[in-house]
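Relying on the hints, combine the two individually framed chains into one complex.
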Amino acid sequence: MTTPHSAARPVPVEFTGKSGEYFKLWVVNLLLTIVTLGIYGAWAKVRNTQYMHGHTSIDGHRLRYLATPIQILKGRAIALALFITYSVLINVSVYLGLILPLIFMVAVPWLIKQGIRFSLRMTAYRNVRFSFTGTYGGALMAFLVYPLIGSVTFFLAMPWALKKIHEYMYDNITYGGKKLTLNNTTSFYYGVILIAMGIVIAIITALAMFFVGAGALASGDFRDPAVMMAIAPVFFLGYFLIVYGVSGFVMANLRNHIYNNLSMEGVASFDSSVSVPGYILLTFTNGLLLVFTLGLAYPVTQIRKAAYLAAATEVILQPGLEGLLNTVDDESAIGEETSEMFDADVSLI
Amino acid sequence: MNTSVGGVYVTAGQATSCPAYVVCDSDGGVWLYRTATREVIQHSGAETLKYASVIPGLPVDLFFVDGGVFTPSDPTFRWPALSETSRIPEWLERHSAVTIMAMVLIPAFLWAMVVHVIPAGARWSVDYLPDTVSREMGKQTLSALDEIWFDPSELEFDTQQQVTRQWQQVLLQLGIHSEHYRLNFRASGIGANAFALPDGTVVITDDLVWLTREHPDALTAILLHEIGHVQHQHGMQLVAQTTATSLLFTIMLGDIEGAGEMVLGAGVGLAQNAFSRDMEREADKFALEKLKQLSISPTAFADAMRLLMESHGMETTKGDSQEDILQYISTHPGMLERIRGAEQAANSE
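Chains E and F are the protein sequences, given in the same order. Numbering follows our numbering, with no gaps: position 192 of the first sequence is 192. Numbering follows our numbering, with no gaps: position 138 of the second sequence is 487.
It should be emphasised that the hints constitute simulated quantities derived from the structure, not laboratory data.
So, partial list: chain F residues that the calculated Cβ filter (under 8 Å) puts toward chain E:
| hint | residue |
| --- | --- |
| 1 | S366 |
| 2 | L441 |
| 3 | E442 |
| 4 | E485 |
Beta carbons are placed, not taken as given, at the ideal position from N, Cα and C, and that holds for glycine.
In isolation and in its complexed conformation, chain F is listed as follows (with noise of 0.2 Å):
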């Protein structure tokens, strides 16, 4: 039997219209009649006719090949010359129980990205890094944090030759090879505190060497601390995760705008905080690990910890329900945490 379906024509790029039908042949074929007069405008074989994508709720457009277009007035008639797969993703796009594997299905995978795959293929990606990447990024990065943080040191030369020394017997004792390490002093207004870059360049402000002057442990602890990043290349890696994350996520999620973009932006950013703190107990493990080995012990840590606290004004009596609070929008664990953590290690003994 063959089927027939009313609608209007338009003509080949003109916006001149006409209602119209159309009679489908059993093999594919058209013929299509001006409704009016009932005669025939023309007859098409199946080669020759397009249809559009067929979209739930709207009629499925039908080009001749002189660029005419035939819109059936009905939009849900489906034309039987259609193939299968041309029809599948409409038949997804209608059914509910599609609809809810797909909600439950979205988050799961994007979970499933941000904290297993991405940050294994960082953790991967780094060791074939050329190791001009890392120099050359450890070279810039230094460059723009003295134009905007540093100034230069104002220790003495005795003092900075005193923690060079410390520094170097650290890495020769556990037997690190020196010649990518290199230890920067710097005066900065930021109080004390210490970076470490990808490339193995420590920078230790003036405050911090003054701070620990009476407590040399617990300056090799933070050194230790720094090493630990370098050793674990936690700076590459972590530039690999974000280049990586905000990557899939423009190419996936390009369409969101607005309160969307900001939730899962606000969710990412909050993975990767967590990764952030994942990293400093990392460097913390291997910094405790290494007192050991040098037989310093672990409490070495917990003063470096409490020397900062009180430098940076924080209580370090004080509970810690607040840094609970505060603790997912961090980039470092808890001081009280990694204090309780060094003590432990301490007792462990």
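Extracted from the complex, chain E is given alone in its bound form (with noise of 0.2 Å):
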């Protein structure tokens, strides 16, 4: 049909978005959502996913998103009577406020499962869907077994445990019948982060030197307003260089090296060049526009992220991507919806 493409050819990832008409788009979505008493909140839902994919293209395609409205209502609406009933039985009774936490605890996994299970095969890309191939066994793995390995064993297991658990996220995905690769290594999460403990031990440390120094000083009662009004601005510091620098170094070298290591064979591989320092302008100027606009800017912040994300991230086309057959009906099953209220959206690009 069109010229086919004989070799692979690299491609950037173009977000066209714009605050100021994103801002518009989703603050007029909240009102409505705020009189309806959440009810639009469906509608809200699909129009601000609908704008951020197909602001986002490859190759001259927009992603699209296909959920409708009553999708998501119908599943809120479970949702919300799960909690209902949830909330009322844990107040009754102390011996169910035990037992129903548990039971919501095993159900967790399955949630988070079907929900990422939704959000990608609601996605198209040129008019195939994603889709998701994950099991309950390993969603349970994954985000209950390895994360609690991980806090046993003081923490010392938690790379792996988030290898494993970004193994499970993204090497699952399929589309149009193909499955993704992911090539992720132990040894890169053990030194990314050992790197970043090793810098919050050293703010931690520098803190701990400057608070003793002015305790002392000070003849030290932190309870007294005055002593607390002089360490706040140095403890509000060390508490930011930790949150979004060491944050931030983290988030950008693991998207680097899932991109870098994530492929479809014969059809795309990825390249993701996001820096450090650049991530981390880009999370603490977001995290100021968010503070001092009370959560308003928070549309902006979206169109930020995602603007940035999509330039540091290329896509090296393969030929097999044409004449790729979609292999996901339109029919979604129980519980997809519902646990859509979870957010719990691999974030495609």
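Take a look at the structure:
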């Protein structure tokens, strides 16, 4: 039909969303959601996602979000009914209050799995939908067992756990019946997280030394408002360094690692070059925007993030893309829409 | 005149695409042509066509009945066959006047909900809750408190008897049916304190009995305050209010994350503490009125507050500048404010 591309060719990911335009869309949808006591939220969710997906294009083709508001509304109604039952039961009886959270804990991996599946199946590129083949067993391991192992080993196993979680999330994505493969390596996770911990320890040590010094000077009752006011800026500086600096360092490195080791045989591979300072600056300025607008700048931060990540991403398309067939039908399984509430999206770009 | 628009056509359920253009009939049907050869790919009547949502800044996809999709290259192009209603959301989302209106109405509406509608609803709904709910809640809460905070009372039997008689006397004189009310004694590390549970169970700590040994009227004042909570059904009201508020915010603002959520959460928390303070004031007012009815001077209430402050290591003579700041994050009104209220009530006799 078209001129078939015979060789692999790198194409950029283009993001054309505009802050002002999206802000206006978002804020109007928020108003409609609030005055309808949340019902319009299903429409708002679809329109917001359609805007973000539609403004993301690869090789001239836009991503498309195909979920219908009614699907989302139905799922939310079920989730709401469950939530009300849950809170009533938990308030009425202390014993149910002990058992129900356990049941919930076992159900969460299933909900996350269904949520990932739903958002992928509702995403199409060139008329072919994504899907997800992860199992409940896999989700149980990824979202309950691995994190548990990570924490009982005093976080020694956490980098490995994180690697396994990413493996579950990305290695099970399919497109047109073909599977994505993620070749992430445990040693990379350990390397990044060890460096990050080193930085955290250095910051905390520096802060502790400062506070001991300041405490000695002020002959130190930290409950005294005057002392509190004096040390607060330093405390917050340390806090921001840790939250934005260290998490930015980890996120940028892991994102690059994941995308650079992600591929679909004969169809596509990816190239991600997120720079650590650039990403830290992005998350930090986004944080400031949120704080100073009392959260109103949320849509603007979404656009800025999407634009930044798109610019740092390249897709290497291979000839196998042409002629891929859609293997996903319109039907969605029970619980998929319900778990959309959990927002367990795997961000594709 | 027939409208014509260029774009890209992607075949049904397949990642194959070609440049194409569409010519619209006057009756809503379309002709789809391949750009390269100018040959007709297909002709479809209006009734078989579906249009994607109309989103600002995005072209509107045209879905053919066989699953093929045509995307106009011009993002501002709008199909002549689109209905007026399908374009309303986009119209709202594009107009700055609507944006500004939304930014004013969103906080106004949230404020009205949290400050007026939900508390009124909570007040109204507790009357319709069956007694079994509050009884069950009282029972469960007490057993939970017993686990965490309380130990069996170490008071002598005579002392317990004496206080119980005083309590029954108060209920009798005020004509309050005592079948719902039960007075419990507990030892606890939290010091002198008293609690009212929704079902009429009132718990006083051993420390409180010892503290008010020389001041029986002060103990009466505290007991009346707790009875006030039960009479006004404050416990159930607070539960209903908290549940309704968190529910509403989850439904309405589920899509907001991060700092926005934090700001909103803090706002709701502050509003809820304000209600908790209002309830305390209501219980204080109840106590002061009933003291007069029992021919006890309201100064007994002020004495009780002073005793409590002293026993908890607070200075009764200090100015209340610090109290003013802390007021907004507190669940109780300032002690000094409560003492002044009691003294005013005593003077107005």
